[in-house]
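Enquirer: Spelled out, the chains give:
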Amino acid sequence: MKVLVAVKRVIDYNVKIRVKADHSDVDLTNVKMAMNPFCEIAVEEAVRLKEKGVATEVVAVTVGPKAAQEQLRTALALGADRAVHIETDARVESLAAAKLLAKVVEAEQPGLVILGKQAIDTDNNQTGQMLAALAGLPQGTFASEVVVENDKVQVTREIDGGLQTVELTLPAVITTDLRLNEPRYAKLPDIMKAKKKPLDVKSPAELGVEVESRLTLLKVESPAERKGGIKVGSVDELVDKLKNEAKVL
Amino acid sequence: MSVLVLAEHHDGVLVGATAHVVAAAKAIGGDIDVLVAGENVGAVAEAAAKLDGVSKVRVADNGVYAHQLAEPLGALLVELAGDYSHVLAAASTTGKNVLPRVAALKDVSQISEIVEVVDADTFKRPIYAGNAIATVKSADSLKVITVRSTGFDAVGESGNAAIESVDTIVENSQSTFLKQELAQSDRPELAAAKVVISGGRGMGSGENFTLLEGIADKLGAAIGASRAAVDAGFVPNDMQVGQTGKIVAPELYIAVGISGAIQHLAGMKDAKVIVAINKDEEAPIFQVADYGLVGDLFELLPELESKL
Numbered sequence: 001m002k003v004l005v006a007v008k009r010v011i012d013y014n015v016k017i018r019v020k021a022d023h024s025d026v027d028l029t030n031v032k033m034a035m036n037p038f039c040e041i042a043v044e045e046a047v048r049l050k051e052k053g054v055a056t057e058v059v060a061v062t063v064g065p066k067a068a069q070e071q072l073r074t075a076l077a078l079g080a081d082r083a084v085h086i087e088t089d090a091r092v093e094s095l096a097a098a099k100l101l102a103k104v105v106e107a108e109q110p111g112l113v114i115l116g117k118q119a120i121d122t123d124n125n126q127t128g129q130m131l132a133a134l135a136g137l138p139q140g141t142f143a144s145e146v147v148v149e150n151d152k153v154q155v156t157r158e159i160d161g162g163l164q165t166v167e168l169t170l171p172a173v174i175t176t177d178l179r180l181n182e183p184r185y186a187k188l189p190d191i192m193k194a195k196k197k198p199l200d201v202k203s204p205a206e207l208g209v210e211v212e213s214r215l216t217l218l219k220v221e222s223p224a225e226r227k228g229g230i231k232v233g234s235v236d237e238l239v240d241k242l243k244n245e246a247k248v249l
Numbered sequence: 001m002s003v004l005v006l007a008e009h010h011d012g013v014l015v016g017a018t019a020h021v022v023a024a025a026k027a028i029g030g031d032i033d034v035l036v037a038g039e040n041v042g043a044v045a046e047a048a049a050k051l052d053g054v055s056k057v058r059v060a061d062n063g064v065y066a067h068q069l070a071e072p073l074g075a076l077l078v079e080l081a082g083d084y085s086h087v088l089a090a091a092s093t094t095g096k097n098v099l100p101r102v103a104a105l106k107d108v109s110q111i112s113e114i115v116e117v118v119d120a121d122t123f124k125r126p127i128y129a130g131n132a133i134a135t136v137k138s139a140d141s142l143k144v145i146t147v148r149s150t151g152f153d154a155v156g157e158s159g160n161a162a163i164e165s166v167d168t169i170v171e172n173s174q175s176t177f178l179k180q181e182l183a184q185s186d187r188p189e190l191a192a193a194k195v196v197i198s199g200g201r202g203m204g205s206g207e208n209f210t211l212l213e214g215i216a217d218k219l220g221a222a223i224g225a226s227r228a229a230v231d232a233g234f235v236p237n238d239m240q241v242g243q244t245g246k247i248v249a250p251e252l253y254i255a256v257g258i259s260g261a262i263q264h265l266a267g268m269k270d271a272k273v274i275v276a277i278n279k280d281e282e283a284p285i286f287q288v289a290d291y292g293l294v295g296d297l298f299e300l301l302p303e304l305e306s307k308l
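One line per chain: the protein sequences are A and B, in this order.
For reference, each letter of the first sequence is one residue, going 1 to 249 in the working numbering.
For reference, each letter of the second sequence is one residue, going 1 to 308 in the working numbering.
Hints were generated in silico from the structure; no laboratory data involved.
Some clues are possibly wrong.
What the hints assert, rightly or not - Here are the simulated DSS-like cross-link-like pairs (lysine-lysine), alpha carbons at most 25 angstroms apart as the crow flies: (1) A/Lys32 with A/Lys2; (2) A/Lys241 with B/Lys194; (3) A/Lys231 with B/Lys137; (4) B/Lys137 with B/Lys106; (5) A/Lys227 with B/Lys279; (6) A/Lys231 with B/Lys194; (7) A/Lys219 with B/Lys50; (8) B/Lys218 with A/Lys247; (9) A/Lys20 with A/Lys152; (10) A/Lys50 with A/Lys20; (11) B/Lys26 with B/Lys179; (12) B/Lys307 with B/Lys279; (13) B/Lys137 with A/Lys227; (14) A/Lys219 with B/Lys56; (15) A/Lys247 with B/Lys272; (16) B/Lys26 with A/Lys103; (17) B/Lys26 with A/Lys241; (18) B/Lys307 with A/Lys247; (19) B/Lys194 with A/Lys243; (20) B/Lys272 with A/Lys16; (21) B/Lys124 with A/Lys241; (22) A/Lys152 with B/Lys124; (23) B/Lys179 with A/Lys243; (24) B/Lys56 with A/Lys243; (25) A/Lys243 with B/Lys137; (26) A/Lys219 with B/Lys194; (27) B/Lys272 with A/Lys227; (28) B/Lys218 with B/Lys137; (29) A/Lys231 with B/Lys56; (30) A/Lys227 with B/Lys50; (31) B/Lys106 with A/Lys231; (32) B/Lys137 with A/Lys20; (33) A/Lys243 with B/Lys26; (34) A/Lys2 with A/Lys16; (35) A/Lys231 with B/Lys26; (36) B/Lys218 with B/Lys106.
Stated by the list, open to error - Okay, the calculated beta carbon distance ranges per label pair: (37) A/Asp89 with B/Ala162: 36 to 42 angstroms; (38) A/Leu218 with B/Ser141: 51 to 57 angstroms; (39) A/Asp22 with B/Glu299: 37 to 43 angstroms; (40) A/Arg214 with B/Ser2: 40 to 46 angstroms.
From the three backbone atoms N, C-alpha and C, an ideal C-beta is built for every residue, glycine too.
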């Protein structure tokens, strides 16, 4: 079974972001970029499926600018066999990304598609669900455990209040939650070998997908700053402040 | 203009988040219908009919909608969406699971976790873990939106909407519900609690979370946790507050032994009053806390409990 895994290049999760002075967007110039943490978990799961003999080939795919090939090389260093880059400098919203990925699914015919549950830049949590809908596949979102058995997959999902387990027919789309696994680090020899692995570049036009969105970003602002608080010296003082000053007790 | 709100329910009970989503629907304007889909959901429909501002409750009561699996529920919403200009759901795991599916099948964008309605086409939503607020305008004929419940005050319960049944039954051969394990709790629901007390890695162990329980009981508070505490196995993951867990905005949030990483702050920095208890006075949590108390939580928590 072939496993397709989608990765996204995003701002590194430790970076404190800045809003541009003209409020057009977040300032990404000279900011450290990395693979979205949920995508790392997706790659790890795909590689583990290969190590277990469930997956025969792992294909990594991304949508984004030329620089996003760094993240594909990372996925290759972590164990993916080859990569597909859909190159565009446009701002690609989830719907367009899902349409592009659906074309790759159609061409590659994977048994399983794994994505992260959300990207930490747009915080949308949409692409996997949209891809499943467009490709006509069932979805196992927010997965914390994935078990492939014959022509089915059992997915344990993190839902509000606990865990839910569903069984899906294959092929299926899975999105990863944080607790699915602990991603490994790429080793230096693997990083060197990854440079020789195949990486195909395609354009949205070649795939026949219009990436333009009917969603316009009008403005990006910083959230309201919280006023600096005070440190209290004792529990008594804290309780007093909460009762008489903040009036929340 | 007309809005369809997907009701959120568990175990035959309407979840509080639905009243917040109806409030967002009122801010958009037009008639508001609520869809209750599930199995044996008569009581849920009656509770939804009481929400202020609701014109009509539409009930799809059938085994195929049990557990609100994304495939059948998405297909049902796609069938019904043609009658509406907006489809809304809470930004809960159910809403997030289903609505993007509906949007894609209707070939429109989905707008996630709005916190403000500017007008019927324009919405505000947090991005980058809440470190920026984006204003987005949709030119789609159908707007499919999830609503962050902490952004809207719940509507009242003095309404009396009509209830009608929806006969649409969709097929689902792709997904099957196997089992569910829900954490048992007598405390208020984390996302809706007026007071939340959370523990982090500094709690040291799961047993030590009992130190929070006495205080939570006295304050009627829900107990939360940071991701560090969840990953360390101290508490189950549905207690996690943060970018990847639950978003809370209580009157009072007490963070105990939590350093205050941006991913955690994303889940609680809209609380009205934040209290931090931490032994490290340089911890970033003190930059957002209204009241900070530096010291050993194992001494301070029992003292706090005794003085409440």
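Enquirer: Decide, hint by hint, whether the structure agrees.
Expert: Right, here's what the structure says about each hint:
Distance restraint check for A/Lys32 and A/Lys2: the Cα-Cα separation of roughly 32 angstroms exceeds the 25 angstroms cut-off, and the hinted pair is therefore not satisfied. With a CA separation close to 18 angstroms, the supplied pair A/Lys241 and B/Lys194 stays within the 25 angstroms bound. Proposed proximity of A/Lys231 and B/Lys137 is contradicted: the alpha carbons are some 42 angstroms apart, above 25 angstroms. As the CA atoms of B/Lys137 and B/Lys106 are separated by approximately 18 angstroms, the hinted pair is consistent with the 25 angstroms bound.
Annotation: proposed proximity of A/Lys227 to B/Lys279 holds, straight-line Cα distance about 22 angstroms (limit 25 angstroms). For the hint linking A/Lys231 to B/Lys194, the alpha-carbon distance of about 23 angstroms falls within 25 angstroms, and the restraint holds. With a C-alpha separation of about 37 angstroms, the suggested pair A/Lys219 and B/Lys50 falls outside the 25 angstroms cut-off, and the hint is violated. For a cut-off of 25 angstroms, the pair hint linking B/Lys218 to A/Lys247 stands: about 16 angstroms separates their Cα positions.
For a cut-off of 25 angstroms, the pair hint linking A/Lys20 to A/Lys152 is broken: about 47 angstroms separates their Cα positions. Restraint check: the Cα-Cα separation between A/Lys50 and A/Lys20 comes to about 43 angstroms, which exceeds 25 angstroms; the hinted pair is violated. Taking the CA atoms of B/Lys26 and B/Lys179, the gap is about 36 angstroms. The hint is violated against a cut of 25 angstroms. Distance hint between B/Lys307 and B/Lys279 is fulfilled; the C-alpha atoms sit about 20 angstroms from each other, no more than 25 angstroms.
Our distance criterion of 25 angstroms between C-alpha atoms is broken by B/Lys137 and A/Lys227, whose separation comes to about 30 angstroms. Annotation: proposed proximity of A/Lys219 to B/Lys56 is violated, straight-line Cα distance about 35 angstroms (limit 25 angstroms). Restraint check for A/Lys247 and B/Lys272: satisfied, since their Cα atoms lie roughly 11 angstroms apart, inside the 25 angstroms limit. This hinted pair does not check out: B/Lys26 and A/Lys103 have alpha carbons roughly 39 angstroms apart, beyond 25 angstroms.
Only pairs whose Cα atoms come within 25 angstroms are accepted, and B/Lys26 paired with A/Lys241 is rejected, the gap being roughly 37 angstroms. Distance check on the hinted pair: B/Lys307 and A/Lys247 sit about 16 angstroms apart at the alpha-carbon level, within 25 angstroms; holds. A C-alpha spacing of about 15 angstroms is found between B/Lys194 and A/Lys243, which places the hinted pair at or below 25 angstroms, so the restraint holds. A threshold of 25 angstroms between alpha carbons decides the hint, and for B/Lys272 with A/Lys16 the separation of about 23 angstroms falls inside it, so the pair holds.
Between B/Lys124 and A/Lys241 the alpha-carbon distance is near 34 angstroms, which puts this suggested pair outside the 25 angstroms criterion. About 40 angstroms separates the Cα atoms of A/Lys152 and B/Lys124, which puts this hinted pair outside 25 angstroms; it is violated. Taken as a hint, the B/Lys179 and A/Lys243 pair is broken in the structure, with Cα atoms around 45 angstroms apart against an allowance of 25 angstroms. Only pairs whose Cα atoms come within 25 angstroms are accepted, and B/Lys56 paired with A/Lys243 is rejected, the gap being roughly 43 angstroms.
A hinted pair counts as satisfied when its Cα atoms are at most 25 angstroms apart, and A/Lys243 with B/Lys137 does not qualify at roughly 43 angstroms. With a CA separation close to 32 angstroms, the supplied pair A/Lys219 and B/Lys194 exceeds the 25 angstroms bound. The suggested pairing of B/Lys272 with A/Lys227 holds, with an alpha-carbon distance near 11 angstroms, which does not exceed 25 angstroms. Between the alpha carbons of B/Lys218 and B/Lys137 the distance comes to roughly 45 angstroms, so the proposed pair goes past 25 angstroms and is violated.
A C-alpha spacing of about 51 angstroms is found between A/Lys231 and B/Lys56, which places the hinted pair above 25 angstroms, so the restraint is violated. Annotation: proposed proximity of A/Lys227 to B/Lys50 is violated, straight-line Cα distance about 39 angstroms (limit 25 angstroms). A distance of roughly 53 angstroms separates the Cα atoms of B/Lys106 and A/Lys231; the hinted pair therefore is violated under the 25 angstroms criterion. Restraint check for B/Lys137 and A/Lys20: the C-alpha separation of about 19 angstroms stays at or below 25 angstroms, so the hint holds.
For the suggested pair A/Lys243 and B/Lys26, the alpha carbons sit about 35 angstroms apart, so the restraint of at most 25 angstroms is broken. At most 25 angstroms may separate the alpha-carbon atoms for a hinted pair to count; A/Lys2 and A/Lys16 exceed this at roughly 38 angstroms. Simply put, A/Lys231 and B/Lys26 have alpha-carbon atoms about 41 angstroms apart, too far for the 25 angstroms limit, and the pair is violated. For the hint pairing B/Lys218 with B/Lys106, the CA-to-CA distance comes to about 49 angstroms; that exceeds 25 angstroms, so the pair is violated.
At about 52 angstroms, the beta-carbon gap between A/Asp89 and B/Ala162 misses the expected band of 36 to 42 angstroms. A beta carbon spacing of about 19 angstroms between A/Leu218 and B/Ser141 contradicts the range 51 to 57 angstroms that was offered as a hint. Between A/Asp22 and B/Glu299, the C-beta spacing of about 50 angstroms breaks the proposed range 37 to 43 angstroms. Checked against the given bound of 40 to 46 angstroms, the beta carbons of A/Arg214 and B/Ser2, roughly 20 angstroms apart, lie outside it.
The structure does not agree with the numbered hints 1, 3, 7, 9, 10, 11, 13, 14, 16, 17, 21, 22, 23, 24, 25, 26, 28, 29, 30, 31, 33, 34, 35, 36, 37, 38, 39, 40 stated previously, though it agrees with the rest.
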